[in-house]
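S.K.: Can you build the whole structure from these sequences, using the hints too?
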Amino acid sequence: MRRLRLKALLGTCPPSIVFDGRARRLPIEDGDTQSEPQTLQPFFEHSLFKNAMLLKTIGRTAADMPANVVQTRAYFPFDPKYPGNGGVSMPCDGELTLATVEKFMSSKIDPTVIEGDLRKIHVMAKLPSFSPFLLRDAFERAALKVDQRHFRVSDAEADAMRDTLKSKLKPLAAMALALPANSVGDTRLDMLARKLWELDDPSFLGAFGQALKIPEGQTIDVLYAWIGVSFFQREFAKRQPKLRELAEWLGAKPQLGELRDEKARQIEADRGQVRDSLRWAWSQAGAVFDRYSSSYDTLISKSDAKPFVEYLQNVRVDFQILGARLALIEQCLCVHGVAAAQERGSQVAVEILQDLAASLRDGGDRDLAAA
Amino acid sequence: MVTERRAHKRYVIDGLMVELAGVVHETVDISVRAVAVVIRPGVDYAALKPPFRFTSEKAEGLNRHIPNMRRLYERGRVVVVDYFIDDPEWDNTLAAYDVRADVKPLEDVFG
Numbered sequence: 001m002r003r004l005r006l007k008a009l010l011g012t013c014p015p016s017i018v019f020d021g022r023a024r025r026l027p028i029e030d031g032d033t034q035s036e037p038q039t040l041q042p043f044f045e046h047s048l049f050k051n052a053m054l055l056k057t058i059g060r061t062a063a064d065m066p067a068n069v070v071q072t073r074a075y076f077p078f079d080p081k082y083p084g085n086g087g088v089s090m091p092c093d094g095e096l097t098l099a100t101v102e103k104f105m106s107s108k109i110d111p112t113v114i115e116g117d118l119r120k121i122h123v124m125a126k127l128p129s130f131s132p133f134l135l136r137d138a139f140e141r142a143a144l145k146v147d148q149r150h151f152r153v154s155d156a157e158a159d160a161m162r163d164t165l166k167s168k169l170k171p172l173a174a175m176a177l178a179l180p181a182n183s184v185g186d187t188r189l190d191m192l193a194r195k196l197w198e199l200d201d202p203s204f205l206g207a208f209g210q211a212l213k214i215p216e217g218q219t220i221d222v223l224y225a226w227i228g229v230s231f232f233q234r235e236f237a238k239r240q241p242k243l244r245e246l247a248e249w250l251g252a253k254p255q256l257g258e259l260r261d262e263k264a265r266q267i268e269a270d271r272g273q274v275r276d277s278l279r280w281a282w283s284q285a286g287a288v289f290d291r292y293s294s295s296y297d298t299l300i301s302k303s304d305a306k307p308f309v310e311y312l313q314n315v316r317v318d319f320q321i322l323g324a325r326l327a328l329i330e331q332c333l334c335v336h337g338v339a340a341a342q343e344r345g346s347q348v349a350v351e352i353l354q355d356l357a358a359s360l361r362d363g364g365d366r367d368l369a370a371a
Numbered sequence: 001m002v003t004e005r006r007a008h009k010r011y012v013i014d015g016l017m018v019e020l021a022g023v024v025h026e027t028v029d030i031s032v033r034a035v036a037v038v039i040r041p042g043v044d045y046a047a048l049k050p051p052f053r054f055t056s057e058k059a060e061g062l063n064r065h066i067p068n069m070r071r072l073y074e075r076g077r078v079v080v081v082d083y084f085i086d087d088p089e090w091d092n093t094l095a096a097y098d099v100r101a102d103v104k105p106l107e108d109v110f111g
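Each protein sequence line maps, in turn, to chains A and B. For the first sequence, the numbering used here gives the first residue as 1, with consecutive numbering after it. For the second sequence, the numbering used here gives the first residue as 1, with consecutive numbering after it.
Because the hints were derived from the structure by calculation, they are not lab data. Predicted model only: the values in this text are computed from it and were never measured. Do not take every clue at face value.
[What the hints assert, rightly or not] Cut-off 35 Å, straight-line C-alpha distance, at most; resulting in silico cross-link-like pairs (DSBU-like, lysine-lysine): (1) K7(A) <-> K253(A); (2) K242(A) <-> K58(B); (3) K166(A) <-> K126(A); (4) K104(B) <-> K195(A); (5) K166(A) <-> K9(B); (6) K9(B) <-> K58(B); (7) K120(A) <-> K213(A); (8) K126(A) <-> K104(B); (9) K104(B) <-> K213(A); (10) K9(B) <-> K195(A); (11) K166(A) <-> K213(A); (12) K306(A) <-> K9(B); (13) K302(A) <-> K104(B).
[To be verified] Which bits of chain A does chain B cover? Going by a derived footprint, with three or more residues having C-beta under 8 Å, they are: (14) 164–172; (15) 232–239; (16) 279–289; (17) 293–301.
[What the hints assert, rightly or not] Derived CB-CB ranges, DEER-like: (18) D93(A) <-> E74(B): 45 to 55 Å; (19) E57(B) <-> E351(A): 51 to 61 Å; (20) L199(A) <-> E74(B): 27 to 37 Å.
All C-beta atoms in this analysis are idealised placements derived from N, C-alpha and C, irrespective of residue type, glycine included.
M.R.: Structure representation (structure tokens):
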């Protein structure tokens, strides 16, 4: 059962929850009849990790809440050619140590060989999502040189997204105009917006953070999370049409004529479970965006920074929450993609939905984690 | 006029500049009747002289001649200036280039 869902996830690799850093053939560009196909080398260098896939899974932190936090796991397939056929996985957090990896692998590892991979995993684990732009941007900010083709976002797409997000910093840059001249330096708005994007000028950020009542030492994380929420707003909106389709699919009466009552009731209950969890995740995300937009609109329309300053108090939590909600939604969309492609009444569709519903009832990806 | 500024919706447009008395200014925000700009040294805002013009490298539709401009008030490093563009679609044009224009509120797809 759990293998069906694992197969679906690893087969389709939704980019925001599955990072496949294995070696792969690169497609030849359209019209290029001369070049030989190129191979992209594995993202991770150590042999232990070169076939690993990183997953964002969902866990539960409170009994009354389904699927509450997003976690990062490294998944090691038994057979790298068929990763959906099973493997083992280990949790990875932003402080993953060599000792933890050695314990998991039951072997000694040369620290100099795996150091670079651990740094990469730290960057990835701290992000609430593997959305390609977020990943690429995080590695650029961390000044870690990697082959960016692994992130599956083109230079043009990344540049456009960066410009869009940076432009949203203009009202914040205007707030910085009120700071003392010696901490602002260049008072051009585009320069201030650049500083807020790059987050690389400690004296400016210190003064700005103080004005926004951000606790000392947290300004970079808080502003980065605000940028992240802004990014997620587009990511969620992009998924709305597919989610609507899924909502309709879950709401439609399935053909259960040949099934016994008990089985039919179970399928109905599973559909209800998935629908309720999705609706909850979607409305939670909507509530975050309402708070974000309302404080931003007030800042622009009334030059009133108070709601914005208040919003910043919780923005890091919101950023993480959105990652978890996106992971849940992405997983459901992936399962829907597989189930909807089956013939009507297919056993595969029933089982994969049942598996998904069970994991949501449990409050997380315990089964995937145990894979 | 200050009340009017409060009544109109304000927009923030990336890269929108305004030329006042021959000096290019960065805009902070803009409504259909007033624009807030970052003060530049050497400009007498109490007696603004033409030419006046909106300029944008990113959006051709924003490059407009402005017949008249008049200072409303100054606050810190920002001066707010009254203007009028005789175009019934001007508010929609500004809205289309606002930094929030790309975002649509999430709908209740489960309703």
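S.K.: Under the criterion that the straight-line Cα-Cα distance not exceed 35 Å, is the pair K120(A), K213(A) satisfied?
M.R.: Given pair K120(A), K213(A) holds - Cα atoms ~32 Å apart, limit 35 Å.
S.K.: Does K195(A) lie within 35 Å of K104(B) when you go C-alpha to C-alpha?
M.R.: 27 Å, holds
S.K.: Okay, the stretch 164–172 of chain A and chain B, do three or more residues pass the C-beta test at under 8 Å?
M.R.: That given contact holds, which follows from 6 residues of the stretch 164–172 of chain A lying within Cβ reach (below 8 Å) of chain B.
S.K.: Quick check: the stretch 232–239 of chain A, covered by chain B? Criterion 3+ residues, Cβ under 8 Å.
M.R.: Our answer is that it holds, as 4 residues pass the Cβ test (under 8 Å) against chain B, meeting three.
S.K.: Holds or violated: K242(A) with K58(B), Cα cutoff 35 Å?
M.R.: Holds: K242(A) and K58(B) sit about 32 Å apart, inside 35 Å.
S.K.: Between K166(A) and K9(B), does the CA-CA distance stay at or below 35 Å?
M.R.: This hinted pair holds, its Cα atoms lying about 22 Å apart.
S.K.: Closer than 8 Å, Cβ to Cβ, for at least three residues: run that test on the stretch 279–289 of chain A against chain B and report holds or violated.
M.R.: With 6 residues in contact (Cβ-Cβ under 8 Å with chain B), the coverage given for the stretch 279–289 of chain A holds.
S.K.: Is 27 to 37 Å a correct range for the gap between the Cβ atoms of L199(A) and E74(B)?
M.R.: 31 Å, holds
S.K.: Measure nothing beyond the straight line between the CA atoms of K306(A) and K9(B); if it is 35 Å or shorter, mark the hint as holding.
M.R.: Given that 35 Å is the threshold and the Cα spacing comes to 19 Å, the pair holds.
S.K.: Checking one constraint from the list: CA of K9(B) to CA of K195(A), max 35 Å. Satisfied?
M.R.: 28 Å, holds
S.K.: Would you say the C-beta atoms of D93(A) and E74(B) sit inside 45 to 55 Å of each other?
M.R.: Cβ of D93(A) to Cβ of E74(B): about 51 Å, so the range 45 to 55 Å holds.
S.K.: Check the hint pairing K104(B) with K213(A) against an upper bound of 35 Å on the C-alpha distance.
M.R.: 30 Å, holds
In summary, the structure agrees with every hint in the numbered list given earlier.
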